[in-house]
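For reference, the chains in residue letters:
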Amino acid sequence: MEEHTVASLAQTAHAVAQSHGEAHELPNFLSILAQLFPDCAIFNFFHRWENVVFSVLVAGFISWRAIVAARSGQFIPKGAQNVWETVTEGLTSFVTGILGPRGIEHVPFLGTLFIYVLFNNWLGLIPLMKSPTSAWSTTIALALVTITYVHTIGIREQGFFNYLKHMAGNPQGAVGLALIPLMLIINIAVEYLAVPLSLSLRLFANISSEDRLLHKFAELNVMYKFLPFFFQLFANILVIIFSLVQAFVFLLLSTVYISLIMPHEDHNPKGTPQDQKLKAIHH
Amino acid sequence: MEYFQENIRLGEVFVQLIAFLIVFFTLKKFAWKPLTNVIKSRRERFEQEWAGIEKMKTELATLETEYREHLQKIEETSRVKMQEAVQDGRRIAREIQEKARAESQASFEKAKENIELEYEKIRINLRREIAKLSLQIAEKVVREKMDPAQHEKKALELIEELEGKL
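Going line by line, the protein sequences match chains Y and A.
As numbered in the numbering used here, the first sequence has no gaps in its residue numbers, which increase by one up to the final residue, 283.
As numbered in the numbering used here, the second sequence has no gaps in its residue numbers, which increase by one up to the final residue, 166.
Don't read these hints as lab results, they were simulated from the structure.
Any given hint might turn out to be false.
Residues from chain A that face chain Y, not an exhaustive set, calculated with beta carbons under 10 Å [stated by the list, open to error]:
hint, residue
1, Phe-4
2, Glu-12
3, Phe-14
4, Gln-16
5, Ile-18
6, Ala-19
7, Leu-21
8, Ala-31
9, Lys-33
10, Leu-35
11, Arg-42
The beta carbon of each residue, even a glycine, is placed where N, CA and C say it ideally should be.
With the rest of the complex left out, here is chain A (with noise of 0.2 Å):
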């Protein structure tokens, strides 16, 4: 008993209470309150920081599947437009190919035709000259007194048979 009489002082152990619960209520409200409103808006601060990054993470990976879409769709239309001018350039060049085979059909046809007018011009122009010099022939074979009409049949006949030949 005198041992708990010499260690425990009831004064002191009421002023050291005293003493506690004010430490206890002191750091209650001026420290402990603050200390901990400032984890939590820093923890909730993090939270809307991570939330943020989510969303922007979804936005960026939406964004990018559009994207991809929208290259794909382009590449889609590109191809599209360099079959359809392929097949453009393909039917431009069968347009051209026909053009100048029926044009060079014409310039032969035409060709044909002026050779063929040459020739007959170049025929009459030989007859002509023929019938010219058959007459010359005559001529002189009238100034060397033959027969007339023997002479003219032979230059006929001579005539025609030039003709045969040509």
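Isolated chain Y, as found in the complex (with noise of 0.2 Å):
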């Protein structure tokens, strides 16, 4: 019985995808519900936000654990704050470890963007739920943010002045001036326009393809009554593994930017006094 009503799920699962022409992905509860639905308003405007959905989901997820971990405040941590207090460690002593000892300002914005995108990645492998950075809308949000970020912080930190020279590509001379057009035009491609598409199609095409993988060894399942069941748990480790590395490739390339706008100075190990300062308190 038990058997039944799973095989007949899937097998609705199946449909609902195939029902969606060039199906790519395990549906989702809402495009069931679309699906099973067609007339209503609501589930079809769901379903065409479902990507939004299933990000304001992960949102309020994370907020709601981060939040409660951080009320905790125990001078022993247990728990959530435990879990969370290491994974703030974790990548504080990662950021330090590239952007120097003032990088522990920018922990609180690539630890988001880490774990935004590590759980996005993952949502995918909950039954009935989709992964939103299968989206290119969500990975280019991502990529647009990180980018404003990065660029920000250049200007911040370098100068509105030293930042224009930085993307005139530091002219030296005549021949310098002289290529300071193309060398604007290159750094103005390259920074605003290659690095956003490689960072997004990057997270965007990986996702997206485990997810292909995923719904092909579901489809599989279907269709040779779960014989293929131990390839599809290979394929969902392969899937958790892979969302993990993507979200930290994520992190490492964000943290890569910033580290090549910010000042050549700072890029001095030891930094100035008042970073080594910094980097006492913070080890």
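Join the two chains into one complex using the hints; note that each chain is given alone, in its own frame.
Here it is as structure tokens:
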């Protein structure tokens, strides 16, 4: 009886997926509801904005858990506080390892980005859910936020004139001055177009591929009476790992972009006396 | 181009952007800051505790040094006092010995004097006895009608002879 129910659910899911035309990911509860109630405007609306709905779910979950953990504030951390403090310390260590002691101020942004991307990636593993990062719109939004943050930091740290100089390729001599327009075009194209494009496309392509992989194994399960179940289990483990890797790559690249836009004296491993003081406090 | 239009929806991009910004500012204010503060305060407390421990270690080492110095001083004092006591003991023993020797010498002298006195006493008594005996002898001789002068002379000679023997 139970097997029949599962099989019928899977077949329904498969049918819903097929009804999308070129279905390439597992159906989620919003797509199923929209399929079951095609005339319902609310379900159609949510189905249309499903990536946003799932992102909001992730955002709510992360905020809830983080605030609960932070409010605990015990001297000896337990449970959620322990987990979040471990994550915070790990991220702080990672970010300050690349950016130096002053990188500690970027931990909230980079940490939020990492956790948000990670949970968005993992959400697709939960039955009837979807990874919002398998949609390009989501990853573009994240990439745009990152690039905006990076360049805001660049202008703040270097000053507007030095930032422009940096974008013009730090020209020196007559040749450098002559090459300013070209360098400006190249740098603007790279910094404002290629970087967000690569950031967003990498994450979107990887996560949508993972979803396709899961979808194909689910299809095989339906078609071959659950025989390839272990293959799907293996694929799930792979997806867990690759999702983590993709979130980490997003974090790493964002950190590196911040590092590149920072003034060069900040790249000194020892840093200024203020940096050393900050490092001493941190460690 | 169709692919981009199909996959990139500007409205969704904007909403996702806003959603992320909301999460970011929420977490920054209500999660990252308190968590960082907790970690920082804990680290500072650990540092303070460590500093306290180090300070206590230093104080302990100072106290240990002071204690050892004090102990050494006590040992020195006790050694000096013991030596003084030994010296005193030896001095007292020497004094007692000298005193005993002097007393014994005095006793000896006194005994000698006593003996000599007794000797003289005995000698005198003996002379008296001899004289008495001589008189008794003389009485006997007188009773037998002998010449008194001759007999007295004889008696005195006898006495002197006895004295010489004594």
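May I ask which of the numbered hints given earlier this structure violates, with the numbers listed in increasing order? none
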